[in-house]
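There are 2 protein chains.
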Amino acid sequence: MAGSAAMYHAMTSLGFASASPYKGPIKLNGDPKGASVLILGAGLAGMTAALELRNAGYKVQILEFNDRAGGRNWTLRGGDSFSELGGFRQTCEFESGLYINPGPWRIPYHHRALLDYCKRFGVSLEPFIQLNYNALIHSSRAFDGAPQRIRAVKADFQGQVSELLAKVTQQGKLDEAVTKEDQEVLLHALRSWGALDHDYKYKANLISAGFRGYARDPGGGLDAIPLSGDPLALSEILKSRVWRYLQNFANYNFQTTMFQPVGGMDMIGKAFAKEVGDLIRYNAKVTRIQQDDRGVTVSYVDTAGPATVQLAKADWCICTIPLSILSQLPVDVSAAMKSAIDAVPYAGSVKVGLQFKRRFWEEDEAIYGGISYTDLPIRQIAYPDSGFNRSGRGVLLGAYLFDGANAYEFTAMTPAERVARTVEFGAMIHPQYRDEFENGVAVAWHRVPFVLGCSGDWSEEARATHYRDLCQIDGRIALAGEHASALPAWQEGAILSALDAIARLHHRVMRT
Amino acid sequence: MAGSAAMYHAMTSLGFASASPYKGPIKLNGDPKGASVLILGAGLAGMTAALELRNAGYKVQILEFNDRAGGRNWTLRGGDSFSELGGFRQTCEFESGLYINPGPWRIPYHHRALLDYCKRFGVSLEPFIQLNYNALIHSSRAFDGAPQRIRAVKADFQGQVSELLAKVTQQGKLDEAVTKEDQEVLLHALRSWGALDHDYKYKANLISAGFRGYARDPGGGLDAIPLSGDPLALSEILKSRVWRYLQNFANYNFQTTMFQPVGGMDMIGKAFAKEVGDLIRYNAKVTRIQQDDRGVTVSYVDTAGPATVQLAKADWCICTIPLSILSQLPVDVSAAMKSAIDAVPYAGSVKVGLQFKRRFWEEDEAIYGGISYTDLPIRQIAYPDSGFNRSGRGVLLGAYLFDGANAYEFTAMTPAERVARTVEFGAMIHPQYRDEFENGVAVAWHRVPFVLGCSGDWSEEARATHYRDLCQIDGRIALAGEHASALPAWQEGAILSALDAIARLHHRVMRT
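Respectively, the protein sequence lines represent chains A and B. Mapping the first sequence onto this note's numbering, position 498 (from 1) lands on 498, and the numbers just tick up by one. Mapping the second sequence onto this note's numbering, position 508 (from 1) lands on 508, and the numbers just tick up by one.
Derived from the structure by calculation, the hints contain no laboratory data. Mixed in with the good hints there might be a few duds.
Note that identical chains are pooled: a pair holds if it fits in a single copy or bridges any two copies.
With a cut-off of at most 20 Å between alpha-carbon atoms, the simulated SDA-like pairs for lysine to any residue come out as follows [to be verified]:
1. K167 / T465
2. K23 / N389
3. K167 / L187
4. K203 / A233
5. K239 / R141
None of the values given here were measured: they were computed from a predicted structure.
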């Protein structure tokens, strides 16, 4: 009986799915009787809405600005060309099979809706490595500018913090806060967790080396004895401020197991497009959105054809156009929704992909995937999470800037300058850049015509004031997209917002 | 100039390769003039030696007990049969494409020799997930027997330890140990690292939820607001002793990025065998090893043929036979080496693979790969690190016992009993076992005829007394294998020991 009680607890305390707002494939019961829906934007939000509404019996049409589906779900491969605001046109020169994802590039395990669509569509996934213990943390103002292994910084910080707490525990300074009994166990736990020695010290020895790494690794045969290295002093770690990177690794959004689609993030957009591609009108630039009691009328021009305004009509509209664009269009919505549309600035972000002659990060430095962090403007270097241990060329993400002055500065440069600066900064961490670099491609999201930013950058105040207004169905129009979610910049937010919007829309249609 | 000084530091402090005893492909210069080497055992050590010695000009022959190469580098798939000591014979019934690795199953990024052979042979690698934040920690005597998410235990422990240290810092109790200036930064660091709030408290709020996970995840549309859950009390975590699992995740041997070969660990053994398979005589059970001034003579019987003793002769011998077996054979070596051979007991280990009708751990619980830990005799449940997010059947590692009474107890059972017990215990963590289990296979290493244990279990004392004697070239015989390394149970140890042995052997041959 104790067993079955325990089992009951186990079952209720698990049920992870209950933490996700996604409860499995949406069920839109009831016949919409030929009602039509016009969807603006063939990104993940728009295509999710199109797929599920058509399945439910709606007549669906999508207008899409680009000549491809997916929106920010986008992968750049050799031969791909794109233009940015200001007129610069880049053609990616990567070798076949190599790519970067300029937009979303990782999928948390708890993004249940996105994962479910991947499963339904048969999109293959592989692990995305967020934390690689052997990648680097670099501060240009600490450790004489020398990059440090993440494993060393992490172990040395955790070890010395544990040592401090063990010390005050032994000195009786925790007596008010922790019972004597718990203090004894706490000491054991700190020794285990902090890699402390028998005297609760964190030192250069084989205990700490078992976490921070060795000066010489254990080997085989006669010459097998391992040697420990010297820990970084806590004071030095504190002053370097590199501890702020440690927070990142255990973040719910970045925890193992993360995923990326095999072959590029756009495998998801392409899989959606395989389902609803027949509904999409490409190269359709929306210029006006009107509604009245009877329906919605959207004006658009064909960006690839003559500039004549064309009209699309439907009973209802799901608009997934980014607010950065939508706020510039005449749209017939309430003042409250219009205020909400105008309330959200879009974050800047720059990603630079670099191709190298060889995967020197693996060959020379045993860095397989994951991310190095730096206080240089490039901020991150992310190593490819596929093709591990192979010979030949490789592409890494040489810069990932978001927010802040550096993102603006890089956005203001020409694409060639962005790439050159990225190589220059990166060479301060990986000197091999100088000999091995071949070509690069740089996407500055504030200059990407279809979104003018990487994602909606809600302030807490703006969200408190405007979020619910943004998400209400306004007459015959509902908005969807990552901007209409509590998961800004995540694909899951786009999909969940679309599912929420169409569920409410369907409810309204069924009532009327 | 400051830049170039920094660069110099960067380059010297990196150079990870220098920490590994492996410095790239071995170079055996000089002509051995037809010298012959008999290698005993076609595991990774033996095949490494064979490959490199033949390349260097030696005449090489390998005797192997099994009817396949690889030794403990072994993968079980549907249709594979094997017998254990005591006579039990199992046939694996897994669906095509599913497998378990009864022996080694993961490759650290710092195992440079093994990774280099994988690269040379074109063995494809994929990430092995050691730490999955969403996997479980289970204590049958804590939390009412309910499994806890690793993310929650980890965040709650780290958070409350950080809170304690922040508190004593603010109370001035660190004044002797830490400068005032460092204390200020330490508080910031603890807030960041421990997910503390503005007042340095770890609480149920969206800050801690951003690490431990949410009661309700952030969503999309109107119903998007996330909810935090209640942390586990530090006292409860301490008493549960589940903190001892936390140490595992950052261990140098288990740090990201780990690997497994795509399709099974034996892809490596097969790749070696593709190179040296023509040198291997299979089903050869060694019964005696003799040497004199002129050479080595090894007696063996063909386990698949008549029991007549056959002889193999060579100038030199590399013996990779596990010490558990070798200690039972008459071997002409010095008393010192014989003592060393006799000094190493072999660790017990049991692995049980279970096939289920569906990947319920992914579908129901969002556990993709990685390992759950329990104080039940099964100790670990490891989820498959390939085929993520697919429909259909799946195989997981239902038990991984090593050392201790439970390993002996499971070894003593029949294979069918091991599987049944594994299912019974596992169902206390995953109740889905009851409906979804299909079949299983159980390898108890103490009963595996070719090794009688999973690896050499050196005590510190035995190593201090005997290790160097074991690794010396004794007359014309040198030993190799994981037992002749400081990396017991690791494939890297087997390879490095072989490289070290053949380098010394070649040196001796060149001298004579």
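Checklist line | Which numbered hints fail | finding: 1
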